[in-house]
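Read off the chains here:
There are 2 protein chains.
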Amino acid sequence: MSFTAPRFAPPERILMGPGPSDVPKRVLAALAAPTLGHLDPEYLKIMDEVRDFLRQVFRTKNELTMAVSGTGSAGMEACVVNLLEPGDEAGVCVNGVFGGRMKDVMERTGATVRAIEAPWGETIDPAVVAEFFAKHPTTKVFGIVHAETSTGALQPLEEISKIVHDAGALLLVDAVTSLGGVPLDVDALRIDAIYSGTQKCLSCPPGLAPVSFSAAAVAKISERKTKVQSWYLDMSMLRSYWGQERVYHHTAPINMTYALREALAIVLEEGIEARWGRHQKNHLALRAGLEAIGLKYIPKNSLATLNAIHAPEGVDEAALRRRLLAEYGIEIGAGLGPFKGKAIRIGLMGASSTKKHVMLVLAALEDILRLSGGTAAAAKAYAV
Amino acid sequence: MSFTAPRFAPPERILMGPGPSDVPKRVLAALAAPTLGHLDPEYLKIMDEVRDFLRQVFRTKNELTMAVSGTGSAGMEACVVNLLEPGDEAGVCVNGVFGGRMKDVMERTGATVRAIEAPWGETIDPAVVAEFFAKHPTTKVFGIVHAETSTGALQPLEEISKIVHDAGALLLVDAVTSLGGVPLDVDALRIDAIYSGTQKCLSCPPGLAPVSFSAAAVAKISERKTKVQSWYLDMSMLRSYWGQERVYHHTAPINMTYALREALAIVLEEGIEARWGRHQKNHLALRAGLEAIGLKYIPKNSLATLNAIHAPEGVDEAALRRRLLAEYGIEIGAGLGPFKGKAIRIGLMGASSTKKHVMLVLAALEDILRLSGGTAAAAKAYAV
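Line order of the protein sequences matches chains A and B.
The opening position of the first sequence corresponds to residue 1 in our numbering, with each subsequent residue numbered one higher.
The opening position of the second sequence corresponds to residue 1001 in our numbering, with each subsequent residue numbered one higher.
These aren't lab readings, by the way, just hints derived from the structure by calculation.
You may find that some hints are simply not true.
Some, not all, of what chain B presents toward chain A, calculated at C-beta under 7 angstroms [stated by the list, open to error]:
1) Pro1011
2) Pro1020
3) Ser1069
4) Lys1227
5) Tyr1232
6) Leu1268
Derived lysine to any residue pairs resembling SDA-like cross-links, with alpha carbons at most 25 angstroms apart [to be verified]:
7) Lys225/A - Gly1087/B
8) Lys1045/B - Ala5/A
9) Lys225/A - Gly1100/B
10) Lys225/A - Gly1110/B
11) Lys45/A - Leu1320/B
12) Lys45/A - Gly1329/B
13) Lys342/A - Ser1240/B
14) Lys1340/B - Glu245/A
15) Lys1025/B - Arg26/A
16) Lys1025/B - Thr4/A
17) Lys25/A - Arg1007/B
18) Lys1045/B - Leu28/A
19) Lys1045/B - Ile14/A
20) Lys1356/B - Pro34/A
21) Lys342/A - Pro1041/B
22) Lys1025/B - Arg7/A
23) Lys1025/B - Pro34/A
24) Lys1025/B - Ser2/A
25) Lys1025/B - Phe3/A
26) Lys1162/B - Glu1089/B
27) Lys227/A - Val1097/B
28) Lys1025/B - Pro24/A
29) Lys342/A - Tyr1241/B
30) Lys25/A - Phe1003/B
31) Lys61/A - Thr1004/B
32) Lys1227/B - Asp234/A
33) Lys1340/B - Met237/A
34) Lys1340/B - Arg239/A
35) Lys227/A - Thr1112/B
36) Lys1025/B - Ala9/A
Yeah, the Cβ is synthetic: ideal placement off N, Cα and C, and Gly gets one too.
Let's have the full structure, built from the sequences with the hints guiding it.
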């Protein structure tokens, strides 16, 4: 009995959803480089480069900076389960799917978790955070989402960071959809633990989660009374593999590490500030185009990397997305939670944040929705 | 300030350590195929293929068969934390690093964990397992390593499976270094939960962990009183993404899934039994060669996929490994735990289990150790 597998040929898409974003051929080529052993001296050099590049992209001097061997949600879990244990008190901000996810992950640690909620699409008001700490001064860890992928809202962090640190707590930040796309400076913001994904503004395939922990966060981990509930994500052990000791923990995703190394090199070659500027410029042009054809943004404070828009009146958004995929090969995202069936999300992340992407998606929307004026408005925005 | 990343060019190795093994160019090419979105209909088809192929390679009809988004140790953790919760009693066999790791992971669930220990290099005696269940009849989950990568020992499972099931417990098996390399039939052995890695006998880069759960294991998960301690590895949620509901959980490692799909296709094209036969034949030839130059195996019952050998008398094994790497590009493994500095481990897994690999590593060892007769003995074994 002989078996022949069906031909393998995934189509080429234009990825403008909430991630993954388009992956440059240079990154795919790195991904396909020869596999090395996880303790090979040449691989250890690549790990060192990744750590160095990550520190530059995160803008941090944190010693404990590395890539967790899982996708962004594994990064979230790594941060949460290392910082919290039963008996701890934590606060978490919930204004979308990912804040809700962080709350769920926190609750599974046995810590006492209290949430600050805001309507989906809005951001968290620093005054509410100040009230929270006045009421719960023994809170040890406070979690917040910088870029809420489900609503497209960008959360300002400066004031909240000050409140959290004045109260003696650690600040935990979800930067999955912001790292490499919108301004973020881990050390200046005094972020104590941060995680991201590779498949958003870094334009690497999904599979790794960049994380970084401040000295204060590392101290909290060192003082734990209980073992971290996850062996796989136990930072006290992972540190010894990513650090100079090189103690074997688990077999790292070697080829994914190559791809991340290359994606980070591209970020640094562009320059992180130039990259933030590019994302902002393309966002403003897309926004001008979308608003010109009558579409409305959901968040007051939109991310440059993700544009969450109310679905056009009387339009079946699922059918719209299907046509974009079938006729243009363009993937955009659906709404989540309360926005299911009521929103579309257009990502402009990393290699997908280009004038070409902006003009094409606007032209495609004009075609399918039988509207006009979007591309012209975007072109005008670019000309400014 | 402009930045240019150093040239990226990992050397080509011959991977004969305890994993990763050599990755076929066909798998690397699949890895570098265009990235799709994790909810793209074309990607969902690939997930279905992976599940179908995995069932064939595991030899199971288990509905809950999938790839966990992490390396083999994440597969271990996924099996353990879904099956155990505080109040449960578990048994675990420890005769090497990975049995010890499973015990550690089990203990982090809050379950009562009792270990059966055997000297490193030996296997677990079914009579001891029978005694264990006579003494602890309320044990719910019993874990054992099929292929102990740290010692090279192959654990027979038939009798132990009968004892475990007669006692009404679930059998949890580590097949990281056996799946696709040595005979393993999940349904015939009545294994309730099993995990493996991609980078061993499947010859795919590391980054995913194939797992499979029996109906009884799924029932145990459904009856849990507490949430699974890991959100990322929560099978009750992952089932809905891999199942027909397609409920978004986390962004899967898309390109790694392509690579696994291709690696599994290669396994099925070769035929799983032919593949087991190939591994056995190359192992016997290597063994004949190694014994001809005076080297001695550690385990009584050696795996075909991993050859753990006492380091030659008076030889610095680290220096030996360094010379193999520098002069031949061959990676072999060091000893772990009590065998640190005292053993070498030669893997013959997947694409690395070939006559060419066997003859080359023997020739290289003869050269470096100034011995002879190994390649001749291996050639003779092949001629039988």
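These are the hints, each one checked on the structure:
1. Pro1011: holds (6 angstroms)
2. Pro1020: This hint holds: Pro1020/B lies near chain A, its Cβ roughly 5 angstroms from the closest one there, short of 7 angstroms.
3. Ser1069: Status holds, d = 6 angstroms.
4. Lys1227: With a closest approach of 6 angstroms, the Lys1227/B hint holds.
5. Tyr1232: Interface hint status for Tyr1232/B: holds (5 angstroms vs cutoff 7 angstroms).
6. Leu1268: holds (5 angstroms)
7. Lys225/A - Gly1087/B: It holds: about 21 angstroms lies between the C-alpha atoms, which stays within 25 angstroms.
8. Lys1045/B - Ala5/A: Holds - the C-alpha atoms of Ala5/A and Lys1045/B are around 13 angstroms apart, at most 25 angstroms.
9. Lys225/A - Gly1100/B: holds (22 angstroms)
10. Lys225/A - Gly1110/B: Within the cut-off at roughly 14 angstroms; holds.
11. Lys45/A - Leu1320/B: With a Cα-Cα distance of about 22 angstroms, the restraint between Lys45/A and Leu1320/B holds, given a limit of 25 angstroms.
12. Lys45/A - Gly1329/B: holds (17 angstroms)
13. Lys342/A - Ser1240/B: holds (23 angstroms)
14. Lys1340/B - Glu245/A: holds (15 angstroms)
15. Lys1025/B - Arg26/A: holds (17 angstroms)
16. Lys1025/B - Thr4/A: holds (17 angstroms)
17. Lys25/A - Arg1007/B: Holds - the C-alpha atoms of Arg1007/B and Lys25/A are around 16 angstroms apart, at most 25 angstroms.
18. Lys1045/B - Leu28/A: The hint holds at about 21 angstroms.
19. Lys1045/B - Ile14/A: holds (19 angstroms)
20. Lys1356/B - Pro34/A: Within the cut-off at roughly 19 angstroms; holds.
21. Lys342/A - Pro1041/B: holds (21 angstroms)
22. Lys1025/B - Arg7/A: holds (16 angstroms)
23. Lys1025/B - Pro34/A: Roughly 9 angstroms between the alpha carbons, so the hint for Lys1025/B and Pro34/A holds.
24. Lys1025/B - Ser2/A: holds (22 angstroms)
25. Lys1025/B - Phe3/A: Roughly 20 angstroms separates the two Cα atoms, so the pair holds.
26. Lys1162/B - Glu1089/B: holds (19 angstroms)
27. Lys227/A - Val1097/B: Distance ~19 angstroms between Lys227/A and Val1097/B Cα, so the pair holds.
28. Lys1025/B - Pro24/A: Satisfied, since the Cα-Cα distance of roughly 20 angstroms is no more than 25 angstroms.
29. Lys342/A - Tyr1241/B: Holds, at roughly 22 angstroms.
30. Lys25/A - Phe1003/B: holds (20 angstroms)
31. Lys61/A - Thr1004/B: With a Cα-Cα distance of about 21 angstroms, the restraint between Lys61/A and Thr1004/B holds, given a limit of 25 angstroms.
32. Lys1227/B - Asp234/A: Holds, at roughly 20 angstroms.
33. Lys1340/B - Met237/A: holds (19 angstroms)
34. Lys1340/B - Arg239/A: OK: Lys1340/B and Arg239/A at ~21 angstroms, within 25 angstroms.
35. Lys227/A - Thr1112/B: holds (15 angstroms)
36. Lys1025/B - Ala9/A: holds (16 angstroms)
When each numbered hint is compared with the structure, no violation occurs for any of them.
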